[in-house]
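**Student:** Those sequence lines, one after another, are chains A and B.
Numbering follows my numbering, in which position 501 of the first sequence is assigned residue number 501; successive positions increment by one, without gaps.
Numbering follows my numbering, in which position 129 of the second sequence is assigned residue number 129; successive positions increment by one, without gaps.
Just so you know, not all the hints are guaranteed correct.
In silico SDA-like cross-links for lysine to any residue, where the CA-CA straight-line distance does not exceed 20 angstroms [said to hold, decoys possible]:
1) B:177 x B:224
2) B:56 x B:105
3) B:56 x A:143
4) B:56 x A:268
5) B:56 x A:267
6) B:56 x A:222
7) B:56 x B:119
8) B:177 x B:223
9) B:165 x B:91
10) B:165 x B:510
11) B:56 x A:234
12) B:56 x A:126
13) B:165 x B:152
14) B:56 x A:75
15) B:56 x B:27
16) B:177 x B:483
17) B:56 x A:295
18) B:165 x B:468
19) B:56 x B:38
20) B:177 x B:484
21) B:56 x A:292
22) B:56 x A:122
23) B:165 x B:199
24) B:56 x A:419
25) B:177 x B:106
26) B:177 x B:130
27) B:56 x B:172
28) B:165 x B:483
29) B:165 x B:221
30) B:177 x B:468
31) B:177 x B:235
32) B:177 x B:220
33) B:56 x A:260
34) B:165 x B:225
35) B:177 x B:144
36) B:177 x B:433
Read the hints as simulated data drawn from the structure, not as lab findings.
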Amino acid sequence: MAAVTAPAPGPASPQRVPTRRTTELGLVLLAVLIAAFGYADVGCAIDGRVPADTARYGIGLGVLALLAHAAVRWRARYADPLLLPLAVLLNGLGLVVIYRLDRATATASAPSQLVWSAIGVVLFIGVVLFLRDYRVLQRYAYVFAFCAIVLMVIPAFLPAVYGAKIWIKVGPLSFQPGEVAKIALAVFFAAYLAANRDALALTGRRIWVVELPRGRDLGPILVIWLLSSGVLFLEQDLGTCLIFFGMFVMMLYVATGRTGWIAVGLVLVGLAVAVVGLFEPHVHSRFVDWLHPLASIEAGQGAGQLAQSLFAFAAGGLLGTGLGQGHSYLIGFAVKSDWILATFGEELGLVGLAALLLVYAVLVVRGYRSGIMLQDPFGRLLSIGLASLLALQVFVVAAGVTDLIPLTGMTMPFLAQGGSSLVTNWILVALLIRTSHAARRPALPPVPPPPPAPPIRPARPSQPPEPEQSHQEPQKSQQSQEPHSSSEPRTSPEDDGGEQTQAVPKV
Amino acid sequence: MSPFGRGSRRESRDASVAGAVRLSLSRTARRAGLFCLLLILLLLINCSRVQVVRSKGYDDNPANQRATLARYAQPRGDILVGGRAVTGSRATGGTFDYVRTYTAGPLYAPVTGFSSQTYGNTLLEGVEDGVLSGTDSRLAGFALLNAITRDPVPGGKVLTTINAKAQQAAFAGLGGKRGAVAAIEPATGRILALASTPSFDPGSIAGTGSATVAAWSALNARATQPMLNRALRQTYPPGSTFKIVTASAALTDGVVDGIDTPTDSPDPYTPSDTTTPITNESAADACQNATLRYAMQVSCNTVFAKLGDDVGEAGMVRMAQAFGFNQSAQTIPVGVVPSVFDTSMTGQAFLALSSIGQYNTAATPLQMAEVGAAVADNGTLMQPQLVASVTRSDGRQVQGFTPRTFGQPISPTVAAELQQMMVNVVTNGTGTNAAIPGAVVGGKTGTAQNGVNNSGTPYAWFVAYAKPSPTAASPVAVAVVIEDSNATRADVSGGGLAAPVARAVMQAVLNG
Chain A
1 MAAVTAPAPG PASPQRVPTR RTTELGLVLL AVLIAAFGYA DVGCAIDGRV
51 PADTARYGIG LGVLALLAHA AVRWRARYAD PLLLPLAVLL NGLGLVVIYR
101 LDRATATASA PSQLVWSAIG VVLFIGVVLF LRDYRVLQRY AYVFAFCAIV
151 LMVIPAFLPA VYGAKIWIKV GPLSFQPGEV AKIALAVFFA AYLAANRDAL
201 ALTGRRIWVV ELPRGRDLGP ILVIWLLSSG VLFLEQDLGT CLIFFGMFVM
251 MLYVATGRTG WIAVGLVLVG LAVAVVGLFE PHVHSRFVDW LHPLASIEAG
301 QGAGQLAQSL FAFAAGGLLG TGLGQGHSYL IGFAVKSDWI LATFGEELGL
351 VGLAALLLVY AVLVVRGYRS GIMLQDPFGR LLSIGLASLL ALQVFVVAAG
401 VTDLIPLTGM TMPFLAQGGS SLVTNWILVA LLIRTSHAAR RPALPPVPPP
451 PPAPPIRPAR PSQPPEPEQS HQEPQKSQQS QEPHSSSEPR TSPEDDGGEQ
501 TQAVPKV
Chain B
1 MSPFGRGSRR ESRDASVAGA VRLSLSRTAR RAGLFCLLLI LLLLINCSRV
51 QVVRSKGYDD NPANQRATLA RYAQPRGDIL VGGRAVTGSR ATGGTFDYVR
101 TYTAGPLYAP VTGFSSQTYG NTLLEGVEDG VLSGTDSRLA GFALLNAITR
151 DPVPGGKVLT TINAKAQQAA FAGLGGKRGA VAAIEPATGR ILALASTPSF
201 DPGSIAGTGS ATVAAWSALN ARATQPMLNR ALRQTYPPGS TFKIVTASAA
251 LTDGVVDGID TPTDSPDPYT PSDTTTPITN ESAADACQNA TLRYAMQVSC
301 NTVFAKLGDD VGEAGMVRMA QAFGFNQSAQ TIPVGVVPSV FDTSMTGQAF
351 LALSSIGQYN TAATPLQMAE VGAAVADNGT LMQPQLVASV TRSDGRQVQG
401 FTPRTFGQPI SPTVAAELQQ MMVNVVTNGT GTNAAIPGAV VGGKTGTAQN
451 GVNNSGTPYA WFVAYAKPSP TAASPVAVAV VIEDSNATRA DVSGGGLAAP
501 VARAVMQAVL NG
């Protein structure tokens with residue numbers, strides 16, 4: 001695979017397409033500087049002086065960031081220049097706040113978070129370097145689905161940790177397989193929907209106002225989604241359950257354009273949530289908390305975690321108390337993971353929080369952009385799925401800790417303490433780097449002589465990917481979608497009309 | 001199928017094959033992306049709601065510890081007596097960064113009150129809390145700049161009017177006895193001493209934790225109520241010291257012609273609506289038709305009871321209130337409980353008893369010191385004040401002291417007559433224990449009956465003022481009450497127990 005799609009050097013384009021790698025380098029360094037400044041700021045606020053290890057910390061993060069940048073520069077030079085800097089920024093800010101909370105709780109989680117960051121970046125580099133063509137993943141769609149289910153099932157046989165069976169604990173290390181499973185599921189959904197979108201969209205029976213697809217088309221994906229959700233449900237990991245569902249519906253909609261399913265899905269999930277919320281004690285208590293976050297105070301039992309979180313956000317106000325000068329540690333348990341956003345809210349204020357959410361928004365938008373630019377349905381759905389995953393998780397967590405929706409016990413991507421989450425999100429960004437590279441890569445040099453006749457299968461002088469394409473799974477579906485996708489409103493050189501011919505060698 | 005008909009016309013040509021209108025991938029992707037952005041917009045709106053719209057409610061929630069944490073994040077400003085701090089702050093290294101300390105806790109507890117992380121703030125620590133904790137808006141230089149820099153404003157200082165020597169004399173004079181002292185500078189209303197015994201160390205309950213809780217419950221369990229501020233917050237029947245007020249009313253209303261004119265009063269005196277006679281403590285005293293001067297000297301109940309009845313309820317109430325009785329909300333700025341002269345008595349007997357400081361008549365030591373001060377200040381009563389000035393931590397004043405007149409209960413003529421009578425009490429009468437060589441001292445003793453049928457131990461009172469010379473202004477008026485008098489004879493006990501304490505306080509002021 002790697003050999004046949006050897007990228008950049010091969011078709012050296014005469015037209016200079018900007019790679020924006022220098023922009024990325026600048027932004028990465030800026031992100032590292034912001035994090036180092038934040039680290040120093042925490043020390044100044046708490047001890048009145050810059051922490052002694054600021055330089056070591058900044059250099060550590062900087063080296064990781066530069067290595068990641070080098071990998072991108074070497075193997076994905078057309079990748080979106082914002083993805084890596086934003087990831088570095090979020091990871092760095094997370095480290096700053098974890099260090100800040102370390103100071104308040106007399107613990108030392110920041111060093112291990114730095115180690116996890118290093119592992120995450122190494123995996124990022126690995127994906128960027130070795131996954132030269134993300135479409136390889138498509139081939140192993142069912143393997144990914146199987147892995148996702150297995151990963152999620154394992155903890156069910158292990159003792160529950162903190163009320164939820166979502167952890168694998170090995171010695172001092174704990175690992176949340178659901179986090180990794182979400183990427184595997186995204187890959188599966190993308191691959192399946194890319195292959196079957198026409199069948200799903202165009203065939204089926206109309207029942208009342210809803211057009212349902214044929215069972216054999218919807219079946220496998222529904223089964224796998226139901227299976228994963230069921231497992232998560234049994235493990236009481238409703239947050240992951242929710243974002244899996246959200247991702248499933250969004251990808252289904254993007255792939256098929258059928259709005260009706262979203263409505264049906266929302267009704268179904270609404271019913272399910274209502275039933276679970278009413279009858280399942282663990283979830284019910286979260287619903288009660290959500291509706292009455294201050295109830296425990298009125299009952300004379302002091303402020304609960306949600307109330308403490310709201311107090312923290314409120315204390316931040318518009319401008320925040322300043323890094324290191326808040327009291328979010330009053331939230332107590334999980335203040336560095338589930339509740340880490342409250343520290344941002346308190347110490348950086350609404351202004352800082354808005355900036356942070358906008359960083360996520362830009363990351364999501366960039367993921368979507370890569371997806372929309374890509375002509376390959378799998379890549380497109382994968383980018384969109386991963387970006388949606390990020391958006392949904394940010395929403396579910398932030399809305400939970402600010403009392404907009406019931407709490408789910410998930411963690412803020414990149415920010416929160418926790419190895420599996422951090423590593424997973426670095427892999428997620430690595431995949432987006434790969435898809436964005438493919439999306440932004442310039443088209444093959446325009447063929448100098450106009451083609452004599454519209455060739456059905458134009459033979460090109462160098463056509464290495466052709467044989468590979470022949471044994472690729474979604475070949476059929478791509479052919480079948482051709483008539484429809486040709487009507488896409490885009491008229492650029494990468495128009496859908498050229499998809500068949502250009503998309504293949506492009507990657 | 002598609003609800004977005006307008007945009008999807010283009011595709012209908014191809015899609016018609018399957019009988020459904022299908023949106024293109026990029027179009028649905030854009031919509032899904034917009035949905036994701038909508039989610040984040042929702043988050044921003046909700047964060048604005050929590051952080052801006054509803055933040056005040058969350059900030060003020062009693063379960064929110066932040067206000068308390070902020071309050072103790074910096075040293076508290078000090079309360080000063082005579083330019084010297086009687087309070088302090090100590091770094092704890094615990095949850096709360098600083099805790100209050102007191103240099104002479106029991107001595108100044110009736111002035112400072114306490115500032116406790118567990119039990120709140122009282123007295124000056126309470127009413128001046130905004131200044132001491134640095135939250136008072138007068139302390140901030142530029143409010144807007146401070147809001148941006150968030151530099152904490154250091155706590156300001158509260159300078160009291162207390163005279164350290166007078167306070168020490170009062171505290172030492174009371175000793176182990178239960179009682180209180182209030183001393184005032186008559187010309188200005190400055191409070192020079194506020195003592196209450198037994199006292200307590202506010203520092204013992206300043207912090208948090210089990211030791212604080214234990215100290216608190218021990219203090220509350222004691223029958224002697226060490227945390228009760230007897231000078232400001234406890235009223236006692238003023239007994240014979242109230243005769244100053246009655247004499248003022250009689251002289252002002254012209255019920256008697258002068259202090260040396262014999263009064264028309266029997267001994268014993270039986271008010272018209274009762275058969276129970278009012279008698280004098282000592283049958284040996286010649287109280288029948290006695291002059292006012294003599295009646296004051298030996299403290300004739302019969303004379304003053306009869307005078308009260310002669311003045312009438314309206315006149316007595318008017319005079320008592322002119323001296324400060326029945327004030328609903330007296331603040332110095334610490335709140336003082338109102339002293340009472342009954343305004344709805346039915347009949348002569350009760351009025352007669354009220355006029356000799358019994359029945360429902362009740363006064364704080366501060367109130368009786370005000371009576372003494374009005375006499376000493378030639379009839380003008382100044383508002384008593386405890387705070388001399390309030391400054392920022394760097395000493396810049398934000399609030400000064402201006403003497404304020406409360407009223408003119410008696411004319412200078414009447415005041416002069418009263419001074420003569422009170423000096424006579426100290427020179428020739430029941431108050432000889434208050435005499436200070438070289439100074440002019442006027443006083444009035446009192447022993448108030450206590451409890452039903454005089455069952456409780458009586459309260460020994462002494463109200464006095466002192467002048468360095470007959471023509472000088474008086475620098476000090478004082479009231480002393482001692483609860484656990486063992487004596488049974490009326491005026492002698494007031495003179496015996498309370499007068500020496502008053503003398504010590506006055507001497508401390510006179511000697512500077």
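**Student:** Please write out, lowest number first, the hints stated earlier that are contradicted by the structure.
**Tutor:** Of the numbered hints, 2, 3, 4, 5, 6, 7, 9, 11, 12, 13, 14, 15, 19, 22, 24, 26, 27, 28, 29, 30, 33, 34 and 35 do not hold.
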